[in-house]
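Q: If you want the building blocks of each chain, they are given just below.
Number of protein chains: 2
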Amino acid sequence: MTQWVYSFGGGESAGDASMKTLLGGKGANLAEMAKLGLPVPPGFTLTTEVCTEFYKNDRKYPAELAAQVDAALASLEKKADKKFGDAANPLLVSVRSGARASMPGMMDTVLNLGLNDATVEGLAKLSGDPRFAYDSYRRFIQMYSDVVLELDHGAFEETLGALKDERDYRSDTEMNADDWKQIVAEFKRIVERQLGKPFPSDPKEQLWGAIGAVFASWMNDRAIFYRKHNNIPESWGTAVNVQAMVFGNMGDTSATGVAFTRDPSTGEKKFYGEYLINAQGEDVVAGIRTPKPLTKAARQAMGEGGQSLEEAMPEVFAELTRVYQSLEAHYRDMQDLEFTVERGRLYMLQTRNGKRTAKAALKIAVDMAREKLISENEAILRIDPMQLDQLLHPTICPNYHRSLICKGLPASPGAAVGIVVFDPDEAAALAADGRAVILVREETSPEDIHGMHASKAIVTARGGMTSHAAVVARGMGRPCVSGAGEIRIDIEEGVFRVGSRIVKKGETITVDGSMGEVLMGAAEMVQPELTGDFGTLMAWADKVRRMQVRANAETPEDARTAVKFGAEGIGLCRTEHMFFDAERIAAVREMILADKQEARVAALAKLEPHQRKDFAEIFRIMGERPVTIRFLDPPLHEFLPHTEEDCADVAKATGLDARALLARSRELHETNPMLGFRGCRLAIVYPEIYDMQARAIFEAACDVAAETGKAPAAEIMIPFVISKQEFDLIKARVDRVAAQVFAAKGRTLDYLVGTMIELPRAALRAGEIAQSAEFFSFGTNDLTQTAMGLSRDDAGKFLGTFVERHVLPHDPFVSIDAEGVGELVGLACERGRAARKRLKLGVCGEHGGDPASVAFFERAGLDYVSCSPYRVPIARLAAAQAARGGGEEPVLPQR
Amino acid sequence: MTQWVYSFGGGESAGDASMKTLLGGKGANLAEMAKLGLPVPPGFTLTTEVCTEFYKNDRKYPAELAAQVDAALASLEKKADKKFGDAANPLLVSVRSGARASMPGMMDTVLNLGLNDATVEGLAKLSGDPRFAYDSYRRFIQMYSDVVLELDHGAFEETLGALKDERDYRSDTEMNADDWKQIVAEFKRIVERQLGKPFPSDPKEQLWGAIGAVFASWMNDRAIFYRKHNNIPESWGTAVNVQAMVFGNMGDTSATGVAFTRDPSTGEKKFYGEYLINAQGEDVVAGIRTPKPLTKAARQAMGEGGQSLEEAMPEVFAELTRVYQSLEAHYRDMQDLEFTVERGRLYMLQTRNGKRTAKAALKIAVDMAREKLISENEAILRIDPMQLDQLLHPTICPNYHRSLICKGLPASPGAAVGIVVFDPDEAAALAADGRAVILVREETSPEDIHGMHASKAIVTARGGMTSHAAVVARGMGRPCVSGAGEIRIDIEEGVFRVGSRIVKKGETITVDGSMGEVLMGAAEMVQPELTGDFGTLMAWADKVRRMQVRANAETPEDARTAVKFGAEGIGLCRTEHMFFDAERIAAVREMILADKQEARVAALAKLEPHQRKDFAEIFRIMGERPVTIRFLDPPLHEFLPHTEEDCADVAKATGLDARALLARSRELHETNPMLGFRGCRLAIVYPEIYDMQARAIFEAACDVAAETGKAPAAEIMIPFVISKQEFDLIKARVDRVAAQVFAAKGRTLDYLVGTMIELPRAALRAGEIAQSAEFFSFGTNDLTQTAMGLSRDDAGKFLGTFVERHVLPHDPFVSIDAEGVGELVGLACERGRAARKRLKLGVCGEHGGDPASVAFFERAGLDYVSCSPYRVPIARLAAAQAARGGGEEPVLPQR
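Note that the protein sequences, when read in sequence, are chains A and B.
If you want the working numbering, it's the 1-based position in the first sequence plus 95.
If you want the working numbering, it's the 1-based position in the second sequence plus 95.
Hints listed in this document are in silico derivations from the structure and should not be mistaken for laboratory results.
A few of these clues could be false.
[Claimed, not checked] Label-pair restraints from in silico Cβ distances:
| no. | chain 1 | residue 1 | chain 2 | residue 2 | range |
| --- | --- | --- | --- | --- | --- |
| 1 | B | 530 | A | 755 | 34 to 44 Å |
| 2 | A | 914 | B | 691 | 29 to 39 Å |
| 3 | A | 914 | B | 980 | 28 to 38 Å |
| 4 | A | 914 | B | 427 | 53 to 63 Å |
| 5 | A | 692 | B | 291 | 35 to 45 Å |
| 6 | A | 755 | B | 597 | 24 to 34 Å |
| 7 | A | 914 | B | 830 | 17 to 27 Å |
| 8 | B | 830 | A | 319 | 19 to 29 Å |
| 9 | A | 151 | B | 696 | 30 to 40 Å |
| 10 | A | 652 | B | 696 | 16 to 26 Å |
[Claimed, not checked] With a straight-line Cα cutoff of 27 Å, these simulated DSSO-like cross-link-like pairs (lysine-lysine) come out:
| no. | chain 1 | residue 1 | chain 2 | residue 2 |
| --- | --- | --- | --- | --- |
| 11 | A | 826 | A | 892 |
| 12 | A | 892 | B | 467 |
| 13 | B | 467 | B | 454 |
| 14 | A | 691 | B | 323 |
| 15 | A | 826 | B | 450 |
| 16 | B | 826 | A | 323 |
| 17 | A | 391 | A | 365 |
| 18 | B | 826 | A | 151 |
| 19 | B | 659 | B | 454 |
| 20 | B | 323 | A | 826 |
| 21 | A | 805 | A | 659 |
| 22 | B | 691 | A | 892 |
| 23 | B | 130 | B | 323 |
| 24 | B | 365 | B | 467 |
| 25 | B | 892 | A | 691 |
| 26 | A | 299 | A | 276 |
| 27 | B | 502 | B | 600 |
| 28 | B | 691 | A | 502 |
| 29 | B | 365 | B | 130 |
| 30 | A | 638 | A | 935 |
| 31 | B | 691 | A | 323 |
The structure presented is a predicted model; accordingly, all values stated were derived computationally and were not measured.
All C-beta atoms in this analysis are idealised placements derived from N, C-alpha and C, irrespective of residue type, glycine included.
Sequences are here, hints too, so could you generate the full structure?
A: Listed below in structure tokens is the structure:
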């Protein structure tokens, strides 16, 4: 026979903490605590299977359930030494939901169940407090009417209000026992009027009503919505916990409180929490009275009067201390506790792993590993890598009072202060003068890069989490708020408006990229700390991870940041951004306008010294670490002005012909630039471009080797390949340039030539391509765009709806689409390695810094992931977790 | 020991026609003819393996070669009854290349080899014609000096010119024996001066020189270029044929000629050809004298005087007749022959399968099958399906004198006459008045569809073979010339210019879409004939093909054409073009501008009757044949005006708000529309659009079933799916609409709901999608775009270069990229059928009408291909060939 009901309490339990699937989180933890001999009010749990059966069978319970509930109730009466419905010694119970995953506030609860006109008198006598008894009774009627009977609660409030007016009371605390008794009578009349029959006085009827309501609440709109948004399957169902009531509001020897076994905001190892004498849990939450700290030390530190629990109830506090210590030791994690003291007796109502800040999570994990409570590996698995992001950037001081201008998307984390600038050139000029600037734009484009680089933070009125501004800002480690839709920029007036508020160019603002907020004025900041616990945890992570972690970096500043954050090389050094520099763009445009090869070669010759200097600087910083340099990738029209007006401006500034510029710009215009004339396609038609880049790389590498005695390890990456033929044509030219440079410089350096795998055909033909390519780097951004037919620039408009409607499980530009795009990655790895056993495999798309994707890449067997410098620590930790997860998603502590 | 040399002639041969790989095409056919006992001048072939060895061993011959050549030469002397280098009875030979595949004019030939100061006298005596002998000698020196010695030929021509001037001769024919003798002496002096040694007089030395030159010519630039462009592997090598010379210029009993065993332009079964008395092959080609017909009947039909070969040399003619008949019977195909008559004796110099027009190919194949010369299956394999295209469209009368305005790309075959119109609306209006119009545009866009439909042909100044105009025109069967870059349209003046020529609106022009020509005036036309031989061959093809052939058709006219051409259903009925009609576009725009669901529903309600009528007409035409209707696919911005000006115009015309139009148009603008908010993504956000379309389909189907008694077989196709979830959401709504309509109409019809597979992710997730989808139709256009990262609208700019440089073997939008895109198709078929055994599989991309692609789809196991109506016969034949090819590329006769 199926066991539908599990009892707990009185020093024994049918279940335990491992049975969350069957008993729900709350039920399993109550069972576990009882089993540990901790003071838990006894009770029983109706399993999640009851819920499943209930819905499977048209809302009917399993046949055996009633008998099992009766037996559990009898056992509960025995343990509590009270009787359900007994007028003299009544047992009151709470009925609460408890699903596998916490769904706070989503489902229903009924307290004080078992009260009726007879038992309320027993409660009054037992507690010696008739006011308390009738207040409890009226609360029960209210709650039951709302949750179980689904009656309108307006009438209750009106009635209570009318009585208070009549008595001239300001608050409920002035109500006395008789007042509550009168209210109870009136509430019962209201129920009978609305329901057409009296309020149920039979406690068993009450109990089944409440059980039914909790199961029904599994399918209420709130719960369905919450499940959808949190990916909780409907099939899990909820359990129902029926537990003896204990009362913290039975006078001054009673109390209620919440506690954390360590400080949830700093992680310090000190008992932390609050309590209220003579109160119920709701009172702590309601905020009518101010709770007191639990410990004397905390009270004193806060400079408060009154008494801590330690001082007011030293024996209870001593027991609570023993309990919390044993719970933390037992669960091997920081616990979040709820307790009640009923007339000097401690009852534990809940324990669970406590939520904590990133900083606290780090400190707790490191401390616990040092205390040998958990292993270093467990410590690694305890940290959500994404949380680290909060620790790597300057943040706004938690106590700072924020003057919000507007909200947008938290596109790139961290915070920064600066003056408002609207024009990228102006931003660059002011930054050169040492001013801290914040670039505020409608949206950004590749032409704005220099201004973005010069700015401390970026704000855009349009664009999503994967807009140009967002992607570039994350890459540069600049805080960014994107899609701040309320902002209206008026360039001519030199202001932006949010509603009626006007912010002028030059005014100081603060951008909080972690929260997506734009604030007036200069906020106080907190700087990140990369040593201490952070350094310790990273060192542990580095010991266990298999994959290397590189950074995407294209400037010396990026490279230095990358090294600081522990990058083991550069996985993607884009070269196109180097072309946008003011000194260079003219030569780039000249090259694009050239209609003969010689003219192109001449224009490229002007760029070459710049490129050589770029590469030399990066090689100097990176030493012997590998540096993957990607040849020019974007379509050429990205370097040209597009409108007639812009062409005229550029012509004036550069001496180029405005009409030729416009004509060429139109000629190069593309309907779908993502699928256009870009990447190595440029070099098939204009091979001299990559020749120049190869020469700059090899010359820089030779020069730096001569200067530093360290041999740079260049890995040359050819973008947008779809066939071996393409790759071979280009590789042959690279090798020829290398041989020429090495001969001229009298020095030979090792280098690799490999390719991006960023198109489905490249993944499919990987076996062939790997015959020539010495490494693959997965460009999962473009691979996602093409495999899914989703333009990253455009998908923002509907991707939200798609994830909401579960057409897609998540944004595939954030976490890799393992089933689709991932299969292509897997295929390419397999085919590539079959053709070349030691083929180096890496990833350089945005996914390289996403923990779920990193776990996927570990399973796929990549050699390294590469991500923006600020994500390097995240990737290091995620890679360690993935290595420890044995190819599964990292198991994080329940929160 | 390897046999490097194969002799032929004298009624025996070491080789035969099956040995093309070893002996080359010419050598194998000469051997075969000799073996058949036909009069072939004897000779021998140095095999292609000699060539391969030659290049493998640093241009050295195999050791045994010299001895084998000596032996073959001895045997040749015996058969010819002449001796090489014998002054009295000299053997002269030709030395010719002959590769496996014909490479006309690419490699070198030396004639009259063996002549020197001694043998020339023997030749003079034997022929009784010293002038002939010395002329032959000087030709030999010239040819040998050019081909073997690689000397500059300018000096020869100067010397000859000088002598002719001196003698006051106008042409070579005036030169007498002594003149030629003098020239020979001077030529030899020129050689000695340039070479530093005398012209080789030893025939053996001459022979080895010529053999070496022919082998060397395998690697000359012309040959390398030709091989690259014709995909002939370098490793094949060439053979060298050494053959006894015969002379058609030994007086009036000698002659030379070419012949076809049937008429190569009509296919009629009559001997066809030309000859010249007392001439060499070169003379026929040179065109100095006009050749005469071979038969008396032909001569009389042409109204010519003189004598046919039949009349002049009846015995030779009788023998030639026996020879050609036996050759045709032997090769079982129409033969292209070369022959020489030397003093009344017939020699066959060459036979090969003859080139022919499409019409002739058809007639010959059908006739030969009827004659039982070949089987019906062979007849099917004999026709290049693409050739059929010439037969399916009206064409310009071959004798019509063309007045060319300009050339462009042959974007859509057929020819049409009409008056020039520049505006699509005007085209539609004039066509409605019964005028034949030709739309001339810069380029076309989806908004021009109605005008394109109304036109007889389309000309664009820009765009390639896969531009919008080209694709749509092929789909509609309208002739189209695209990319006619010389055209400058001046809308305001109402003219277009080509150079200084001006063509006005309203002037009559003719468009030849097969040739890519635009002509002045109305050309005489020939209408296609779909019965007769064509019908017979199609019936034979239909008997053997496995795959069904459907048409892509979206108008009643298309549907009728499709049925006429034998389509077995509609594989793709796009619905978006139905939205562009003037009456409807306003409602479409209203729908797009609506910001509330109700407003969208109201606008859609206006479209519904139109859609219902569209579908009803198509169902009526198609009867019980399946009709696959694709729900709305393009991004919504395609239906909106884009510029401020256009928005104002539309606003004026429709009463919509211009600013709202522009704002919405900008809001919907996409960076990469190909990868944007389109296909079923529209229906995820605006489900009411597909609801309307589904209702229109089911209501129309029920109405037509009631009216005709025939149940339409609707197959509803959901575009741009990437996940089962998407498909399920939409299918559920379709099924609900169907149930509603069937209930209302009191009739239930069968229908299928399936999906396009047009994105890599859809192909990869096919197993999952097929759990819900009842059919797949491969949208190989978009699948190619995404798998290869190639925008069809943009790739035209570089695809040519890519194919030229062999980065891609062919344009992947013309023939499917079997290795990349094809693997995705294969995977999807496999996974789809694993999930749903009877999953219906088809293709509806442009590839459905491409024979190479059809062969691929046969191998992939598709159930049908669908292509534009005019391609249906091509697809039927290609499908038959593919079925007979047993999964291989169809084997076509050598040409």
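Q: Now tell me, hint by hint, if it's right for this structure.
A: Evaluation of the provided hints:
no. : hint                        : result
1   : B/530 <-> A/755: 34 to 44 Å : 42 Å, holds
2   : A/914 <-> B/691: 29 to 39 Å : 36 Å, holds
3   : A/914 <-> B/980: 28 to 38 Å : 36 Å, holds
4   : A/914 <-> B/427: 53 to 63 Å : 54 Å, holds
5   : A/692 <-> B/291: 35 to 45 Å : 40 Å, holds
6   : A/755 <-> B/597: 24 to 34 Å : 28 Å, holds
7   : A/914 <-> B/830: 17 to 27 Å : 26 Å, holds
8   : B/830 <-> A/319: 19 to 29 Å : 23 Å, holds
9   : A/151 <-> B/696: 30 to 40 Å : 37 Å, holds
10  : A/652 <-> B/696: 16 to 26 Å : 55 Å, violated
11  : A/826 <-> A/892             : 40 Å, violated
12  : A/892 <-> B/467             : 66 Å, violated
13  : B/467 <-> B/454             : 20 Å, holds
14  : A/691 <-> B/323             : 26 Å, holds
15  : A/826 <-> B/450             : 43 Å, violated
16  : B/826 <-> A/323             : 21 Å, holds
17  : A/391 <-> A/365             : 12 Å, holds
18  : B/826 <-> A/151             : 25 Å, holds
19  : B/659 <-> B/454             : 20 Å, holds
20  : B/323 <-> A/826             : 21 Å, holds
21  : A/805 <-> A/659             : 19 Å, holds
22  : B/691 <-> A/892             : 17 Å, holds
23  : B/130 <-> B/323             : 34 Å, violated
24  : B/365 <-> B/467             : 17 Å, holds
25  : B/892 <-> A/691             : 17 Å, holds
26  : A/299 <-> A/276             : 23 Å, holds
27  : B/502 <-> B/600             : 19 Å, holds
28  : B/691 <-> A/502             : 26 Å, holds
29  : B/365 <-> B/130             : 26 Å, holds
30  : A/638 <-> A/935             : 21 Å, holds
31  : B/691 <-> A/323             : 25 Å, holds
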